[in-house]
Every structure is written in structure tokens, then in C-alpha cells.
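Novice: Spelled out from the first residue to the last, the chains are:
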Amino acid sequence: MISKEARLKQFEIYATYCKEFEEKFTKKGITPKNHEWRPYRWCSRDIVFANLKVRHERSRNCLEVDVCLMANPPQYYDNSGPRVAMGFLLSEAYKCGTSMEIVFTKNVETRIENGVEKGRVPAYIYDLACELGIKLNHVLEGHITPFEARQIYLELAGFSDEAKEKVMKLSVDDLLTPERACFLVMGGLWSTPEAESIILGCDNPESIMLSDSIPEDRHLYLRDVMAARGTVLGGALDMKLQRKELMEDGQIVESEGEGTDHQISFDKGTYAKSYIAAEDCLVPWTENKELIFRTDEQMVVMVRARSSVEIRVTSAADLESLIKTVEKYRAINPDVKVGILYPRDFEDIPEGEKREIKRRVEEQGAFLMVSPESVAGLDKEAMRRIETGRMVRHE
Amino acid sequence: MSNTRTVLIALKDEQCKMPRLDLKKLMSMALRVEKRMETKVMIEDEQKRYNLYCDRIEFYGQLFLAEKFVESCDLGSDYLDLISMINKKFPIEAAKIRLTASFCPRELVAESARQFEVLCKKSGVEAREDVQAKLAFYLKATADGCSVIELLQSWMPSVLEVEEEVDPKKLREAFLALKISDNITDDRLGGHFEELKKQFETVVNLTRQHTPAAINFSELRHDVIAEVLHDFVYHGGNPMYVPVIYADGTEAAPLPLFCLKPKSADALTTLHEQPVFNMGMMSSRHSSDGLDVRVDVYWFRNQEISIGRTQAETDDVAYKKSKEQFLKMRTEGPFRIDFYQTGFQPAIVGFYRALAEELIAQYKNPIAQLEVTPYYFMGVVYKVGKVWN
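Just so you know, the sequences run in chain order A and B.
Just so we're aligned, residue 115 is where the first sequence starts under the working numbering, counting upward by one.
Just so we're aligned, residue 11 is where the second sequence starts under the working numbering, counting upward by one.
Read the hints as simulated data drawn from the structure, not as lab findings.
Fair warning: there could be bad hints in the mix.
[Stated by the list, open to error] Cut-off 25 angstroms, straight-line C-alpha distance, at most; resulting in silico cross-link-like pairs (BS3-like, lysine-lysine):
id, chain 1, residue 1, chain 2, residue 2
1, B, 58, B, 98
2, A, 358, A, 283
3, B, 180, B, 271
4, B, 99, B, 132
5, A, 283, B, 189
6, B, 179, A, 283
7, B, 179, A, 382
8, A, 283, B, 98
9, A, 382, B, 180
10, A, 283, A, 382
11, A, 283, B, 180
[Said to hold, decoys possible] Derived Cβ-Cβ restraints for the label pairs, each shown as a range:
id, chain 1, residue 1, chain 2, residue 2, range
12, B, 174, A, 446, 18 to 28 angstroms
13, B, 248, A, 161, 54 to 64 angstroms
14, A, 358, B, 149, 57 to 67 angstroms
15, A, 144, B, 272, 54 to 64 angstroms
16, B, 250, A, 138, 55 to 65 angstroms
17, B, 58, A, 465, 27 to 37 angstroms
18, B, 95, A, 502, 24 to 34 angstroms
19, A, 141, B, 183, 49 to 59 angstroms
20, A, 150, B, 58, 34 to 44 angstroms
21, A, 362, B, 177, 25 to 35 angstroms
22, B, 204, A, 141, 24 to 34 angstroms
Each residue gets a CB set at the ideal place from its N, CA and C atoms; glycine is no exception.
With the rest of the complex left out, here is chain B:
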């Protein structure tokens, strides 16, 4: 196996200073990139920069290990699996303490060790040998005033592990028993609305049977997506989530269905006394068709929403931005919005997922606080859609 081990080395500030390079400077530049990466702006450029800085730091770390005497500590080959597990379980905390970073400047070593210990306790792994070894090494580095570099070494020899015996016949049976449809579909119905409705019905049925399936929003008209989604969100039944995929094959967060009921006229009285906001879906789209004149404000800034590389990533950005805005609006509402929608599938799906979840959150409030009426851009005219409240 590739058997990747993690080795820590500790370096004093004076060791970090080399003839034409200061490792501490490289570390502080890499730290600045880490901050910038959090914003996700120009993310690919920042990632390249980060890789470059880390490569350099690790290269010189390895050079110290090869040529000079430095304090080092081998954490073994299970350490990466450990941090991978913690990273999955507590992603926010792990990012905060830079759990997966390969260097730690002297100034951060003590705090890093303390937070690492807290997180390991929270994960129930504090007694592990590698955790204890890392803590001891970091404490010593703190006392000696050293920075720490964590190096990876792949393809190291290992004691041959005795693998769990797997009966191929039983494995094949388990594989063939995995949930996957063995049925055939009927001939198509016709029309975009019907096609999507049929797809929703199929996916809902399969999801209920725990068989993997997903709604594929590839190349569908934006009004069709919103209208059919409305039908399934406001349809009576047991609330559920259905998976979503896109034309590029990426998978987005699931959509809630059967989770809302239309509001009564009484609940809407106060809301309908409010003025209407003319809200465009996204800036810099169809401006030449007069959309800029028609709307008061845009929900998404084009530049912010177009940063996703895959459609699922765009969906995620749109969803998070919308959640953020709806949360703010709670304190300033109630709001009536005429939503001038243009076609960009992942942004639409992200928006309606957030809207549905916001309406679910407000569901118990007897007085409606939010109403969105879609106006679909159809070339020259706008078509009014079903109301979300």
C-alpha cells in the first residue's frame, strides 16, 4: 500500500533563515492565502499560490531532515486517517485550528496544540498514541520557541497487514443486493412540464424505496423548474428530501418536497398591505431587455454567483447567499417580492431550496412574513408564476 507517514520537525527562527529565503516569511504569506481562500474569490489562483508556498516549505523541511539535525517525530501512518475523520466530523472546528495544514509558525504553536487537544477530546481520540505524540512534540516546540512543519512520506515499508478475509461469493451477493432500479420506464408523456413532473414522480418513488435516484435539471427551462417544484413543494404528503444532479453530473444538496401548504387569506392580510419589491434574480443579465429599469434591486450579484466551477457548486453558492439574505430579512420584514427570474438553472434551484426552507422555518408564524411571486423572463414578456408564501 502507499502507506503515507506523517513526520513532524521543529525549527527555530534562526534555522528558518536561509541565504536567500526565510521560511517564516513563506509561512506568513501562505497564512495570508489561507485567509483569502476562505472568501472563495479567484479561488483557483489562490489554491495554486497556496500549493506553491506549501511545496516550498515542505521541500525545505525535507531538506532539513536529510541534511541537518532537527527535532523530529514520526506520527505513523494512521495519523492522516485520523485527521480526515475529524475533518469530516467537525469541519468548522477543524478549519479553525488548521488541522490539515502542513506548517505552524512559532507564534501559533501553543494555541494550536491547545485547540488540537480540545478537538481530539471532543472526537474521543485523545488517548491515541499519535495524538499524544503530536501534543508532546508541539508542547516541546512551544517551550523551545520553534515552528513546526508536518511532512508526508509515502510508500514507506510497513509490516504486512493481515487483511480481513472477504468471501468473493458473499461480496458479489452483497454487491448485487445494493439498491438500484431493475425496472424499466414507460414511454414518455410529452411537454417539458409533463416530462419534469414524471421525473419527479419517479425519483420520489425510488427515494421512498431507498433506491438511489436524483432529479436531473439538465437543460430545463427555468419557468418549468420553478413551477413543477412549486407543485411538489405544495403538494400534500409526507415531507421528504430528493437528491439533485446537473448536466455536468455533479450532485447538489437535496430539495425539500411536500413540506408547505398555501396560506389562508387571513394570514396574508397584513402582508398584502406591504409595498411590493421588484427584485431581479441576477445582475448583468438581460439588461438590454429592460430588466434594469423594471427592478429595484437584484438578489444575486452575477460576479458572486458565477464563481462555482461545477453547477452543483453554483447551486451551493446561490443557496447559501439566499439563506443569508432570508435570515437578514426576518428582522426587517414582512416582505412581498416580485421575483424577475431569468434562466440559470443552478442559481434557480439554490434560490428555491433556500426559499422553501425559509418558508418552512416561518411556517408556525400565524401571520405570513414573506411572499415571492415569480415573473419568468420569456424573451420579451414576463409570465407570472405560482406564488410562494
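Just chain A, same shape as in the assembly:
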């Protein structure tokens, strides 16, 4: 554990530099370049997780860290501070185009060796590496090597074992680097469950994760857009289920860090999302407004982000998939809730066909969900994400 004096010394460096930074950049309206020192503070509401000062060190092409103060607030899970700090440091290292080596300066947890001041890999980060089962070989030199960084990053991204294995397989086959897969998640382009839908559920995950296809290659681009469209719709359902609305003075408010953490997984065989409820909540977007998803109950939703004409053409195929899904899940758990999710475009199909689809879905003991998102909106978002991914480091 770092001493109080050492902690205060680092904090002083941080506070002094924040003032300098304000004079040099903020007040002048200048954005600092990657190779200039930048201070960051990571918080959730009024709780601070980490204070960091970093820069891209060009000669060694590494990320240099001059301040690395972390806290483990007791109300959060273990090692939350170092998780936040390392998640940021690795993402920043990737974003700046470094080799992914992280170097801590002598100001970080200073120690004296042979009369010389030296830094080290912070103890909290060392603890985190131990928790993740990763051996750090240069703790006293204050370095995390690209090899070690790769393993930490993959663990921090929060993928399921199955998805992690798929990422490893894609890396071994030289199709996608693990750093890019992690950056797309940690950088916020795709949530972890969304990224899992792509990695596990798409025929060509590397093409979407690399934003490989261009509109000129219509078929290949459309295939990626359709897969991304399904992922975005699935993500919208995740968010809807996780959202917790709190009442404050008679007003509904949403609060940071106040979501419900349902367990979310993805079934690649049926292209369906599976949820285990952490607490009671309403099943959204169904005709039955009182359908409750109860704690510890399982719900499986087949996400089909189709336009109205596509629904009409493929309704028989969707029913076939639904029957298979119901059979598969009911054989294990007779109480499982099964649904099929379409976008708002479902409302545009002729009334008779709509009724028939509903009837056949209900006949299977399943329910129909129609989200407020339209295919046009989903496509716009899918294209935005593919386009954003194109601007992100590829190797």
C-alpha cells in the first residue's frame, strides 16, 4: 500500500500540473497533442476512482504515466480504481498508436534504489494483474510490456469465455487484433453484449470490427450494416431492460450507475439474446403491458431487425427459427420466456399479415416485441458506428 506521504506527493504533482494545464491549454482554447502531458480524473457522481497524468512518449512509442493515483471505494467491486485506470491507460495507449507499452515515471510510487529515485508499477495495478492471473515481469522497473498489456486488456473488456476464445481465435488466424476488439468496447463504440453479438453471431465478425467494407461494395457493406443493425437493436433492448427510472420530487430521473445488471448472454445458434433477471422489471415493447420479467427468470429474445417487406418475405423462416428456439430452451427450462423482437417497421405491414404473425408467435407460447426504433434509424446508427470504426487504429 502506498504511504500517505507518497500519495500526497503525487497529488501535489497532479494539482500543480492541472493549474499549468489550465493556463497552457484550457484558457487558450488549445487542445493538447498526444505527446503533451494531460491530466484526467475518473469519477462516478461524487466518487473518484483515479487521477492520472499521461502522455505519448514518442521516442519509445509508449504511454508514459507521471501520476497514477487510484482508490477502491468500498461501495464498488474489488479493484474498481485500478480497473478504471488500466482500462483508460490501455485504451489511450492504443488510441495514440503506441506499441502498448506502459511506462510509469519515477513520480509514481517513488522509491530509492542505490541512491536514485525510481518509480514502479503501482501496487494496486499489480494486485489487479494478480486477480486477473497475469504475471507482470517488470514491476520494479515501472514497465508493463505490450505482451502483458494485451492480456490485461482482454480481461478488462469483460467478454464471456466463449467470446474471449473467439477473439483469440480471430487473432491466431490473423484476422483481428485483440487490442482492436477491446478498444471498440472500452472506447464505447460497442457495449460488451453488443460486441459479443457481433463476435459470436456474425458470419464475418472481423469485417464489422475492422469496418472493412465500403458502400461501393454494396453486398459486403449491406451484410455488415444488417449485422450491425441487429446488434444495435439488441443493444437498445439491453438498455431498455437495464434502465432504472427513479422518482425524485414526482419527476422521473435517470441516474448514472443506477441500472439493473441483468445477466446478458448471446446464443449464436439461434441468434437470440438471453437474459437472467437481476430484479423484477416489465418486459418492454409487448402488447401485454403487464408482462413481468421476474428475478432469476430467463428470457430469450430472437432479435430480427427487419424492414416491413423483409418481415413479410421471411416471416415463415422466422417462425421456423422461433419453433426451434422454443423447443431448445423449453427442454431445459419450461418456464423460460421467449420473444421475437422486430423494429417499428412491423407496424407498416398489412393488417391481416400482422395478425397472422402475432397469432402464430402466440401459438408457440412466445410473445411479439415491437421496438420504437425503425430500420431507417437503426441503419443510420449502424452506419455511424461502422464509419467511426474506420477511423480507429487497425493493427
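With chain A's structure known, arrange chain B on it following the hints.
Specialist: Positioned in the frame of chain A, the structure of chain B alone reads:
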């Protein structure tokens, strides 16, 4: 899995005419956009337009499939992987025959089928069931005078594929055995030149060991890039290429190193009798600093070079434009150029990559045909750089 199938439908011209819309007209407008996209000018606008036209064509194609009787053919779910493979292997030919397009107007169907067959033969996939099905469908469409629309259907049910069993332990071992540096770097040296030199040395060493690494040109001074690059291009050793990345993380084409030797005085005699061209690097930069007066002509037009959205794309444009110009100059040379360089990293890297490759191509010629002397714009004055010949 998402299991995306490709379904073809054939439409006669009269079927394409709908109350307030003619699909054939939409197709011809989309074809015009395809042509414009080739120029890459205002590419994002053109891409949006193309998406819109294709969306409409495909929407009505699906509507025909849902409501009316049309000839259709299911190519299955492996067809997209097939065209993706051909597209990667033969990008120029694939673009020429519009392999990845989703529609084919009646007038182009016969030729399209013929060229598709040729390309499939070249790729060794002509015997595949989906290829044969597509060829047969296109031939029938030709005979019936129909246009073809190719539709995609995702998340279709499939027979559960038995996946190849992967031993997680072996996979992890293979993953951990992937080439990546597990070493730490020394403390920095100092100075921009030294910093970049050190980075070059590290990347060269790692590349030789087949460990992934790349030169990062983020925010470096333009004279530093050119001078250090010169040192490594004219340094003795085994020629090699090193990868390049930029501050936005995009990866550009690799740079050739250790590939040139300085020319002897004899080889340069004729060249040095030639007049010198004062060439500015890029138009509309530092004009107010008198650059327009100093130079005879600019190498890059600013408007043409600034079309890349990422730095790697700009590098690529600069490289291709420079290659094109050097190729033209071969027939008109020899040339001596004083190159008035201003700072725009990706354009500089693209230019010097093309220059190095041009000098390599001319290497066997006993009489030098090209010499470039950089003049670095340093605010008010110009600093002369090392000569490339």
C-alpha cells in the same frame, strides 16, 4: 449465426415501371453514382446517394418477392463469402464487373454473366453450385430480357453447423505465442531527430524478428521525418519494408528502407547540367509567406490531397498521385527539383515513399534521371535538406 442468404430476382422492364417510380431509372442513376464514386471526389455525399438508391431498389425488389410472382433463385449463404474472397483476390477485375453490386440492368446482364464466368474460372470456383446457379439465372434473365436484383436476407434458419472443436488450452497457448514484444524500452535519448531515429531502430529490429511494430509519425516535424527517413533509406543493409501508423491510429502502406545508395559524381554530371524546377509541395499553404512567388509549380493540389478522411488515406492519395507524376516524368526527364516542403505528415510520407520507389526503379540506369533537394519551410526561412537521387 446471422446466416445471410442471397436471393436473385428477375424483372422485366414493364414490371420495373410502377405508379410513381421506375426502377430502371433508379438503376441508371445509381450507375452514374458508381462512376462518380470512382473519382473519390465528395465521396461521402456520393456514398450516401448510392446507399439511398440501392436501398430503394432493394426495397422494391423485396416487395416483388413478398407480393408478386417473380422468377427468383436462392444462392445460399456461402455466396457472400465467395464474392468477398474474389473481391480481395482480384479487386480491379471485381470492380470492373460490378461483382458486389446489388442490381444489374437488363442491358448489362449478358455481359455481366460472361465476365462473372471468366472471373470465377480465374478464381477456380466455376464448379460451385452457387456460381452455376447464378450463371444459369443470368442467362435466363438475358433470354427473357430481364434486369436482375440481388437481395440479401439475414438471420435465416440453417442446419446447425458442427463447429470445429477447439481445445481452449491449446488456443490460449497459440494466442500467447503470437509475436508481440515482451521487452521494455530504454529511457529516451532526446531531441526530435534522435527520438525518431530510435523509433526507427526499434521498429526495424522488431520487424526483422517478425514481431508486429510500426513507425508512428504522430505530430513529428516535417523536416525530421524527411531527414531521418533519408538516413534509413540511404543506410547500407538488407532492403526491407517497415509498417507505418499515424496519430489517428490508421495504418498506411509500409516504407522501403536500406534500399538506395548515393550516386557517384559521374552519374550526376548530365543531370546537373539541367535547370532546376522550384516545386512547392502543396498549393494554398503558406502563400502569404511568399511561397507562391518562390515556386514555379506545386506538386500536390491542396483540394485533391485533402480528400482523405484518415491520415492513412491521405498518405495513400499522396503516394498514388506522386507515383503517377514520377511515371510521367520518366518520359520527359531528366529532372532536378528543389522541393519546397511544408508540414503535412501524411502527404510527406506518401511523397517520399513514392520517391524512394521511383529511385529504386531507376537504380540500374547508369545516368541519374531524377534529383530532389528538399527545402524545409521553417517559419520564415528555408532549411536545405539531404539530397535524394
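Novice: Next, verify each hint and record whether it holds.
Specialist: Now the hints, each set against the structure:
Of the pairs offered as hints, the one joining residue 58 (chain B) and residue 98 (chain B) holds, with about 24 angstroms between alpha carbons and a cut-off of 25 angstroms not exceeded. Taken as a hint, the residue 358 (chain A) and residue 283 (chain A) pair is broken in the structure, with Cα atoms around 37 angstroms apart against an allowance of 25 angstroms. Restraint check for residue 180 (chain B) and residue 271 (chain B): not satisfied, since their Cα atoms lie roughly 47 angstroms apart, outside the 25 angstroms limit. Restraint check for residue 99 (chain B) and residue 132 (chain B): satisfied, since their Cα atoms lie roughly 10 angstroms apart, inside the 25 angstroms limit.
Proximity of residue 283 (chain A) to residue 189 (chain B) is assessed by CA-CA distance (about 15 angstroms); at most 25 angstroms being required, the pair is judged to hold. The suggested pairing of residue 179 (chain B) with residue 283 (chain A) holds, with an alpha-carbon distance near 12 angstroms, which does not exceed 25 angstroms. Proposed proximity of residue 179 (chain B) and residue 382 (chain A) is supported: the alpha carbons are some 22 angstroms apart, at most 25 angstroms. Proximity of residue 283 (chain A) to residue 98 (chain B) is assessed by CA-CA distance (about 21 angstroms); at most 25 angstroms being required, the pair is judged to hold.
This hinted pair checks out: residue 382 (chain A) and residue 180 (chain B) have alpha carbons roughly 23 angstroms apart, not beyond 25 angstroms. The suggested pairing of residue 283 (chain A) with residue 382 (chain A) holds, with an alpha-carbon distance near 16 angstroms, which does not exceed 25 angstroms. The straight-line distance between the Cα atoms of residue 283 (chain A) and residue 180 (chain B) is roughly 11 angstroms, inside the 25 angstroms bound, and the hint therefore holds. Between residue 174 (chain B) and residue 446 (chain A) the beta carbons are some 25 angstroms apart, a value that agrees with the proposed interval 18 to 28 angstroms.
Separation of residue 248 (chain B) from residue 161 (chain A) is about 56 angstroms and conforms to the stated range, judged on CB atoms against 54 to 64 angstroms. Hint check: residue 358 (chain A) to residue 149 (chain B), Cβ distance near 60 angstroms, so the stated range 57 to 67 angstroms holds. Range check, residue 144 (chain A) to residue 272 (chain B): about 42 angstroms between beta-carbon atoms, so the 54 to 64 angstroms window is missed. Between residue 250 (chain B) and residue 138 (chain A) the CB atoms are about 40 angstroms apart, so this pair departs from the stated range of 55 to 65 angstroms.
Range check, residue 58 (chain B) to residue 465 (chain A): Cβ separation about 34 angstroms, and the 27 to 37 angstroms hint holds. Separation of residue 95 (chain B) from residue 502 (chain A) is about 27 angstroms and conforms to the stated range, judged on CB atoms against 24 to 34 angstroms. Separated by about 53 angstroms at the C-beta atoms, residue 141 (chain A) and residue 183 (chain B) satisfy the suggested range of 49 to 59 angstroms. For the pair residue 150 (chain A) and residue 58 (chain B), the beta carbons lie near 36 angstroms from each other, so the given range of 34 to 44 angstroms is met.
The hinted window of 25 to 35 angstroms between residue 362 (chain A) and residue 177 (chain B) is violated, with their beta carbons roughly 53 angstroms apart. Here the CB-CB span from residue 204 (chain B) to residue 141 (chain A) is close to 33 angstroms, well matched to the stated 24 to 34 angstroms.
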